[in-house]
Structure formats: structure tokens, C-alpha cells
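So the protein sequences, as listed, match chains C and V. Under our numbering, the first residue of the first sequence is numbered 621, with each subsequent residue one higher. Under our numbering, the first residue of the second sequence is numbered 97, with each subsequent residue one higher.
Just so you know, these hints were derived from the structure itself, not from any lab. Some hints here could point you the wrong way.
Stretch by stretch, here's where chain C covers chain V in the computed footprint (C-beta under 8 angstroms, at least three residues) [to be verified]:
id: 1; region: 151-165
id: 2; region: 176-182
id: 3; region: 212-219
id: 4; region: 223-233
id: 5; region: 275-282
id: 6; region: 419-425
Partner residues are not named here, just some residues of chain C that face chain V (Cβ under 8 angstroms, in silico) [as the list claims (entries may be wrong)]:
id: 7; residue: Gly652
id: 8; residue: Thr661
id: 9; residue: Ser807
In this text, a Cβ means the ideal position worked out from N, Cα and C, and glycines have one as well.
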Amino acid sequence: MSDDFYIGWEARPGAGPARRLRTLVVLLLVVGLGLAVALATQQHTIGTSVFEWGNLKPFSGRLELQPYPHLLVPRPGATNSQPGFSTYYLVAPFKHGLDREKFGALEGQMVTLQGTLIYRGDQTMVEAVPDSIHAVASPASLPTGAATVRLGRQTLVGEIVDSKCYFGVMNPGQLLPHRACAINCISGGIPPVLLVRPKNGPAIYLLLVSALGKPVNQQVLDFVAEPVEITGEVEWQDGLLILRADPQTYRRVGR
Amino acid sequence: MSLQYQAVQWNRQKRLYDAVLVGGVALYLLGFGAVTEFLFPNITEEILLMRAFGSAAFILLHIILCIGPLGRLNAGFLPLLYNRRHAGVTLFLLALIHAVMVVTTYHAGGDTNPIASIWVSSPLTHSVAGVPFQAFGFLALVILFLMAATSHDFWLANLSAPVWKSLHMLVYAAYALLVLHVTFGVLQAETSLVYAVTMAAGLVTVLGLHGLAASKEARLDRKINAPDTDGWVEAGAVADIPDNRARIVCVAGERVAIFKYAGKISAVSNVCQHQNGPLGEGKIVAGCITCPWHGYQYLPETGASPPPFVERVPTFQVRLKNGRVWVNPQPNPAGTRAEPAVIEL
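Okay, chain V solo, but in the shape it has when bound (with noise of 0.2 angstroms):
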């Protein structure tokens, strides 16, 4: 959280995220480059780096999509997602090399300006040659771009989340893209069953995690109660509720994070203002809400930021009956007080 833009806002444990990220990437470009080196030493040195970072960018690409939808399945791989954006950005730097070295070494030196090249040169036929997995490639890197480009708060801020969030969406069409452009590229020569199985493995994880993460939130969707008479809609048992941590469930539409703490209950938003973060997977942490993804905080009681940061949710009115909670499903406005429901012993 801050009140000005920064480049970075580092800190030792972003430090650390982008140690890790940059060493686990030279430790693979180096052994990737060490082993093709020692066993076929006449291969040209400009497609030994453009099979490195290729190879690189696609498999840190498929990290990236994985750990969402593993944080959603166990909390304990958060700590991957709260630097992901510098791991978007490595992945993009990693594919504009490899895309350097595709334009310059197939695509230079010919008759052909080197960027038409990609999609004039390669003439579509009624054969798997014909398809135009560079072009694949080359939308790919432009998505990969706009998402580097716009990666920073700045432009969370100014674009909105939801458009912000739209736009970072297109990581799954850059991903169709890439699968289509590996699939029609270098699996078509390089033909090794291992080549073949780690492309499908990743495919199936992928989307594997993303059925099973969405799967879990659709049964969470599912459970929706009737409303009273006066139109609150019962919310769960108060003693379901651990201490400093809250209960999501699906009011008329929306998803509500209904926390305990301190001997009271208040509902707020699930949806943080940041990322939209899941906040009723985060904590109460220091008398706030703490959204598990970027440790965003709100105030239970009002859902804002506290002073002087001016992130707002909307609130949630709630009451208490015969040790059940009950949620008006009707939101007060981003950062109204919504007085909690004490709990009586």
C-alpha cells in the first residue's frame, strides 16, 4: 500500500522473490545451454538462445498461471503471488529475446523487411506447414507487452481494477497463442515423446487447477439461502467462524467476507480494491482486514483503508439470532461504517 507511485516499492522480501525468480531463470538457461553445449556442440549459437529463452518464457509462463488458482486451493503458495507481476515482467523480457533472436536470425538479412517476414514468409498451405505459428507467437508477445507495460499501480489505479484486470485476462489468449505456436512450431521437429508429454503435462495442469480452483468457488456460490421476510438472507453459524478470519458466502450475487474478531462480526466486500483479492481468505491482522494476496488492509467496521491510505469497500450490515449471522445483501457504499454485531457469550 502506498500514497505515491514508486518504480518499485521494495522491500527485503520483494528483494528476495526477485533473487529467487532471477537465479531459478539463470539456473535454468544455464543448464539448458551447459547440456545442449556439451552434446551437440555444432549447433549455431543464435538458436541455442533462442530454444533457452523460448523454452524459458513458456515454462515460467505456465508458473505464472498456475499459481493463482494454486493460492485459491492452499494459502500456502501466496507467497508466490504477491510479486507475480515481476515474474509477468521477466517472463515478457525472456520472450522478447527470444523473438529478437527468431526476427534476426530467420527473418533478417533476406529481401523482406524483417517484421513483415513473420507473416509473408511463410505462405499458408493446405498442410500443418502452412499454419502460421510465428504469427501465433508475435500476437502472443504483444499481449505480453501490454501487460508488462501496464503492470505498475499506476496504471491500476488510472485504468480501474476491473479494466486493469480485463486487460491482464489476456494472459489466457497469450497462452492459447503460445500453446498453438509451440504446438506448430518446434514440436513439429522436434519430435521426442518427452517434448510431446511436457507440453501436454502443462497443458493439463493448467487447466486442471483452473477447473479445480473454480470448481471450489462455484460450490461456495452454490450455497445460497433464502432471504427473511425483511429480505436479510442467514449467513452460517457464528462458531463456523474462526477468530481474525471470515466466512465467504454469496449474497444476491455477490460475495461477502464475513469476519469474526475481537468479539464481533462485520461483513464486507470479498473483492479488495487493489487486485480484487479474495479478502475473506485474508486475516485480521493489527485490527484490520488484510487481503491475502498483496496485504492490502481495511478497516472491519468501515471497510477503509486506514489512515492515511484511501483504498474503500463496500460494507455489509449484519446481525446476530440465536447464534447465526444474517447479512443485509443490500452494500452500503464503498467505505460506509456498518456497526457490527457483537457477539454475546
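The shape of chain C in the complex, shown without the other chains (with noise of 0.2 angstroms):
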């Protein structure tokens, strides 16, 4: 054995060499436990969202399908100051909008359907499992949408999202390390939604559609996950945001 110089394929290391390396792993091991402790808790992006993942459940209201898919879901005990249903987006599995054209003979129909609840604030989406979508015998009192409120023409600045994964499926599921995610959903018909966050106040999620109030998938796609700005007429229907607006008039602006 060599007091002071290192041979790997010795039994063992000189007294020299064995003490240090003994320095040098631990002083490895710290650095690198901080570095994950620190790495972790500055992790700014992950928010409050759920998705119930494995926990189908059976819903039933009516379904609508402009501009993008969504139930409105009948609310028991509602008060003359709360509207009498809930509205909840409706998508399909991995990253595809529920089609509209297999489910266009049902639109306006009650409908009964299995799905997996995601939510994140105010915004509930449920993430239906197609074949189980079955029209049902409407009740005396269909539930039906609000009558259009327009808010009037706004300029807003936010970041394009895919509403499946911001609302829950994938925490964080914004940003640039998500901008493909985001495309491939978007582009595959998940909604995609202008997210605004107010100095003040919680989250604004907003529709986005075309000035003729037609959805704009594939025209959004180069301005997904990063900031942009959007002048358009924004109005209150079904319990929706919705910002019309042309995606040819979207502006990227600086972060």
C-alpha cells in the first residue's frame, strides 16, 4: 500500500488519501442536500389545483358546445342572487377536446356522462370519458344559460394556457418548460385561456375566441406560454369569460 497516493485497485487507500476522501464525501453529501433543499423551496410556480386522478364520478346536465364544450350542471338550492347551475368545462382524455361534432346531435340536451373532476379556483373542468355521454330524459326545468352580459371592449395582458393542465392536471402547467404541453393540448382542442393575474385580487381565467366568437385553437399556438397582450370585446355568458378577439391583432409583450 502507498501511504500518500491513491491506487483504486488497492484493498485500501493510504491513511493520507482515506482521510481526505472521508472530508471530501461528507462535504459532497452537505452540498448536495442543501442544494436540494433550496432548489425546492424556491420553487415559485406551483399553485393550489386538483386533479382526481383514478376517481370517476357520474355528472348530468346539459350540455353545451359553443364556443367550446361545457355542461351546465343543474345547482341545487340556488338563491335568486346565485345562477341555478354550474358551469363546468368539458374535455377528453390525455390532451383532445371532447368532439364536437360526435356529440353535436346532444347540444342543448340533458345528458348524463362519467368523468374526473379538475379544478383550480372558481374554474371546474371535467375531463369526460367519451362513450359514457348519453342523452337522458330532460326534467320539467332544463337548466339554461344566462342571457349574454357584454363587459365592453378591454385591453389585457396575460399568458395563453391550456385550461386541462393549468386547472389541474399538470401543477405547474404554465410557462415555457409547459409551452409544448400547452401547444400539443391546445392544439388537440383543450380551450385555451387567457390568464390574467391582477395586482390585486385573485386570478382572471378568460375564453379565448375568435371576433366572431368561433374558437381559435390553431391561430393561438405561437403565443402560448408567454406574455401577451389582447384587445378585444369581452363578455359574460354561461358562467364564462369570454374575450373575442382576432388572434391576428394578439400582441407578445416583454415579461
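Grab the two chains, each in its own frame, and use the hints to assemble them into the complex.
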């Protein structure tokens, strides 16, 4: 054995190298653990959202397909100050929106379906099992959407997110690391939403549609996951905030 | 050293090395995971795994890159180099798990092929968002795979040391790609100063250590003495060479290791045949020049490994004059005996 010279294939290192090695290993482990704690605590993009994965539940309500599929679910015990229904976005499994053509015949009808809840803040979505959607006999009082309320022309700055991931399927489900996923999801039919964070108050979510109220999934892809400024008509429909604007007028802004 | 290929030539120190390596990685992953789960219970598990394994791989890459220059600057770090290959394979496995989580989470389940999605699902734009950071990560993973797949001595012997070494120098390209991957990826989202400072500190440490090591070697190489009339070059005083150690001199553009041992002086190429380790930073152990990197051994008079081993390095003729060593800059073919110069007391 060589006392001061380390040879890896020797049975044991010399006393000097062994002592230095022990110190070095302890130092590396402490630095590694310190980095683990520091990097973990400094994550700032993880919000409070839930995807009840593996927990299928039955839902029933009125199926609406415009501008994006959603379900108006009767709200028992609603008072006059509250709408008589809750609005749940409807999407398909994985990175797909609900096929509007397939379910076109059911539009406006009462349906039942099996699905998994996704929710964040006051936004709720159901990942529906497509084959489970069936029309049922309409009750005497079918929930009807409230009259559209026009809130005027507004300019808003925010980030376009894919609603399914951001509302809970992925957390965090926003910003550049998630961009490719958001683009895949929106391209696949998941409703694009403008996420606006006011300095005070909770986040605001606006469904993006064209000036004519049509889906804009394919037109917004280049603007996903970075700050954009959108000027358009804001309206309140079926409990959803909707922003009507031509995607060609979207403007990229600095962070 | 071995006469036949084995998957791993296990010995006690390799087992200890790997135990510490795996234990350290596990400690990091558990620490990161536990703290994240405690503080952010709503995080998606896939993203937690993605972040834990990705950051572990990037940190391990920094450690691996620092081992080389640290070993050149201070021999105390050389034990970390002995089994660095296993650290490299571990790095690849961590990066692979990170990549699998990214592909299955972000790219699978849509209308696009998951691998194609890495290239087409993040369109180029005239903004930071258009920088294809995931493509950088993919290319780096390909390099890490090539390095891990050829890490065994079988490939070192069959590709030849220079080709193998060149291939494995691609680790610097992988590092550059990963710096871009992290900078234009997670750092655009996680904007805490801790992330930016940690990233900058890592980059400065890697570049700084390589700069220091290169500077140390450049100083050595600049010390070129004029040749005598017969072409031999003066290489310093015998008294300046410690017993059983060497002095490295640059002769005719090649580093030569001049060893003093058993009252004699011999000179061989400074480049170990195994992985181009610096023989002159080694030591005479049991009568053999022993490489400080992996312990490969050569007889100082012949430059040949003791039988039955077959590695050989070039030798140089030496002579002594007035207590100073002179070297013939013309190398002998590898394994050729060169008569040692006897030190007269």
C-alpha cells in the first residue's frame, strides 16, 4: 500500500488519501443535500389545483358545445342571487378536447356522463369518458344559460394556457417549460384560456374565441406560454368569461 | 489493468465509490422530493420526478466536470476520478429518467408522435419562447448516451485512446447544450434568484477550474530549454526531482515524465496508454510507474507494463551532466528499453 498516493485497485487507500476522501465525501453530501433543499424551497410556480385522477364520478347537465364544450349542471338550492347552474368545462382524456361533431346531436340536451374532476380556484372542468355521454330525458326545468352580459372592449395582458393542464392536470402547467405540452393540448382541442393575474385579487380566466365567437385553437399556438396583450370584447356567458378578438391582433409583450 | 474484459472489474474501492455515489444521488432525490411534497402538496408527481431527476443529473454533471481539473490542481481529488465512469453512467440514467418523464408528460397523449413533438411542438418565434430548449436537452441526452454506451474499456481499446478521448470530450458540448436547456427552460419559469445564482455559480466553477488547470499546464509547457549542439535538451536538476516521483518537462512539443527511483533516472511519455492520464503526476510503486488516474503501471526502463499486461508507452534516452538531467527529444518506440542514467553520489 502506498501511504500518500491513491491507487484505486489497492485493497485500501493509504491513511492520507482515506482521510481526505472521507472529508470530501461528507462535504459533497452536505452540499448536495443543501442544494436539494434550496432548489426545492425556491419553486414559485406550483399552485393549488386538483386533478382527481382515478376517481370517476357521474355528472348530468345540459350539454353546450359553443364556443367550447361545457356542461350546465343544475345547482340545487340556488337562490335568486346565484345562477341556477354550475358551469363545467368538458374535455376528453389526454391532450384532446371533446369532439364537437360527434356530440353535435346532443347539443342543448340533458346528458349524463362519467368523468374526472379538475379544478383550480373557481374554475371547474370534467375530463369526460367520451363513450359515457348519453342523452337522458329532460327534467321539467332544463337549466338554461343566463343572458350574455357584454362587459365592453378591454385590453388585457396575460399568458395563454391550456385550460386542462393549468386547471389541475399538471401543476405547474404554465410558462415556458410547459409550452410544448400546452401547444399539444390546445392543438388537440383543449380550450385556450387567457390567464390574467391582477396585482390585487384572484386570477381571471378568459376563454379565447375569435371576433365572431369561434374557437381559435390553431391560431393561438405561436402565442402560448408567454406574455401577450389582447384587445377585444369581453362578455359573460353561461358563467364563463369570454374574450372575443382576432388572434392576428394579439401582441407579444416582454416579461 | 486486466487481460480480459469483464462488465465491471469490481474491487472494494469501486464498491465503496458506487455506494457513496448511489447513496448521494438517493439523498438528493429524497431531499428534493420530501421538501417539495411538504411545501407544495399539489405538485403533479410526474413533474416532481422530472425536476428531481433533471436537477440531480445537472448537478452530477457539474461534479463530474470538476473532478478532472481538481485532480490536476490537487492530487487529493484523484480518488474521485478513479471510478468517474460509473458517475457518468449514473448521470446518463438520471437524465434518461428525466427525459422519459418529459416525453410521456408533455409530449405523449396528443396528435403528434411524442419524439417528433420535441422538435415541432414548440414553434420558433421571435422571442425567448421560441428557443428550442427541449431540443437542446434531447441532443445532450444523445451525447450522454454515446458516452455511457462506450464507457467500457472494451470500447477504449477498440476505438483507440485518442478516438475514445475525443468522443468523450463531447461531454463539454453536452454541458453547453444543457446550460442552454436549463437557461431557456426552467429558469424562464422559476425566477428565484437562488436558481439563477446556483446556475451561474456552477458555470463559473466549471469554467474557472478548467481555466486554472489549463493555466498551470500552460506554464509547464512554456518552460522550453534550448537544445544542446547534439539536440539533447536540459530538463532541470536531479536534486529537484523527489524520490519515486517525476518532473514533467515539455520537450519538442511533447510532455515527458522524468522519474527518479532507486538511484536512477528514466524518462517516458507523460501520456498513459489507458486514458491519457498524466504519468508524471504518478509515483513509482513496487518498481513501476503508476498512473495517478487508474493505477495503470509501466516499468520505467522500458515503458512496458509488467507481464502479463501489454500496455506500453514511448521511452526517452536520458543522461546526467553536472547534476542536471538531459533528455533526447526523439522518443523511442513504445516499450523500447532506454538505459536509465545512474545517479552518482
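How the hints compare with the structure:
no., hint, in the structure
1, 151-165, "holds (count 3)"
2, 176-182, "holds (count 3)"
3, 212-219, "holds (count 5)"
4, 223-233, "holds (count 5)"
5, 275-282, "holds (count 3)"
6, 419-425, "violated (count 0)"
7, Gly652, "5 angstroms, holds"
8, Thr661, "6 angstroms, holds"
9, Ser807, "7 angstroms, holds"
Violation of the numbered hints given earlier is confined to hint 6; every other hint is satisfied by the structure.
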